[in-house]
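These protein sequences, in sequence, are chains A and B.
Yeah, the first sequence ends on 139 if you go by the UniProt record's numbering, and it's all consecutive.
Yeah, the second sequence ends on 147 if you go by the UniProt record's numbering, and it's all consecutive.
Bear in mind the hints are in silico, worked out from the structure with no lab data behind them.
Possibly wrong hints are sitting among the right ones.
Unchecked claim - Once the Cα atoms are required to be at most 25 Å apart in a straight line, the calculated DSS-like pairs of lysine-lysine come out as:
| # | chain 1 | residue 1 | chain 2 | residue 2 |
| --- | --- | --- | --- | --- |
| 1 | B | K67 | A | K38 |
| 2 | A | K58 | A | K125 |
| 3 | A | K97 | B | K60 |
| 4 | B | K105 | A | K97 |
| 5 | A | K38 | B | K121 |
| 6 | A | K97 | A | K58 |
| 7 | B | K145 | B | K18 |
| 8 | B | K133 | A | K97 |
| 9 | B | K67 | B | K9 |
| 10 | A | K54 | B | K9 |
| 11 | B | K133 | A | K38 |
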Amino acid sequence: SAADKNNIKAAWNAIGSHAGDHGAEALERMFHSFPTTKTYFSHFDLSHGSTQIKGHGKKVADALGNAVNHLDDIPTALSALSDLHAHKLRVDPVNFKFLSHCLLVTLASHHPAEFTPAVHASLDKFFATVSTVLTSKYR
Amino acid sequence: MVHFTAEEKAIITSLWGKVNVEEAGGEALGRLLVVYPWTQRFFDNFGNLSSASAIMGNPKVKAHGKKVLTSLGEAIKNMDDLKGTFAHLSELHCDRLHVDPENFKLLGNELVIVLAKYFGKEFTPQVQAAWQKMVAGVSIALAHKYH
Chain A
1 SAADKNNIKA
11 AWNAIGSHAG
21 DHGAEALERM
31 FHSFPTTKTY
41 FSHFDLSHGS
51 TQIKGHGKKV
61 ADALGNAVNH
71 LDDIPTALSA
81 LSDLHAHKLR
91 VDPVNFKFLS
101 HCLLVTLASH
111 HPAEFTPAVH
121 ASLDKFFATV
131 STVLTSKYR
Chain B
1 MVHFTAEEKA
11 IITSLWGKVN
21 VEEAGGEALG
31 RLLVVYPWTQ
41 RFFDNFGNLS
51 SASAIMGNPK
61 VKAHGKKVLT
71 SLGEAIKNMD
81 DLKGTFAHLS
91 ELHCDRLHVD
101 PENFKLLGNE
111 LVIVLAKYFG
121 KEFTPQVQAA
131 WQKMVAGVSI
141 ALAHKYH
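One chain only, chain A, in its complex shape (with noise of 0.2 Å):
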């Protein structure tokens, strides 16, 4: 909806340059409450401060800022996204529910003033939103 719309983009804004930090912290707090996660990244290392944790955080934060510019058309913004993950990465769908909860945790912890109901609410949807996006073509 467009207060949804409205509270996205000033959560996004209130967010600002700290995006890429949110982004690695929620990787980090969901590999801690949900190891199964890592299975995913054993490529990595997934000790606290790890460069490569910081460098994917913000490339998934620059990934939903992008989607923040474009919510008129999400599925047409991460589109590329979309297939990487449906082709190449395979994510089980039930990961993006991990990690979208892991990010309203960090969002929450950071931003208490702003992380009001409603936009608490906007960002659920956001989130879930994004995530059906980047599994839409699985099968």
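Use these hints to put chain B onto chain A, whose structure you have.
Just chain B now, with coordinates in the frame of chain A:
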């Protein structure tokens, strides 16, 4: 069965000591009803749930949230036997309340998010991981008597 290490128990108990049960309960349940509106199906008699502010301010939501978290507080004293602690509540949620156990996972995650909001930096990845185990254990225990 979920097994907690001594360290995890310490993490959970120490954070719990600082939680305002009434406030956190209302916040977690309220957010569940706002973020996943279909969960309102269990609360037809709660009055006004028509907007986020109505839900978060609703006295029945706050009271029920407090009830739920108080029960969680009891479980934290019995982390080695969550199934036993929640046996009666499990039967209740199946036989009388007819709540799909999926909802326990949703509420558990809402609680984790609320704790993150309250505790900020203190809610490290390690602390979160201990709490994810806790809410997962509670969800499993509450679903255990379903038939």
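Now the hints, each set against the structure:
1. B:K67 x A:K38: Cα-Cα ~36 Å, so violated.
2. A:K58 x A:K125: holds, 21 Å
3. A:K97 x B:K60: Violated, at roughly 30 Å.
4. B:K105 x A:K97: Holds, at about 12 Å.
5. A:K38 x B:K121: The given pair, whose Cα atoms are some 23 Å apart, holds under the 25 Å limit.
6. A:K97 x A:K58: This hinted pair holds, its Cα atoms lying about 19 Å apart.
7. B:K145 x B:K18: Outside the cut-off at roughly 31 Å; violated.
8. B:K133 x A:K97: holds, 16 Å
9. B:K67 x B:K9: holds, 22 Å
10. A:K54 x B:K9: With a Cα-Cα distance of about 30 Å, the restraint between K54 (chain A) and K9 (chain B) is violated, given a limit of 25 Å.
11. B:K133 x A:K38: holds, 17 Å
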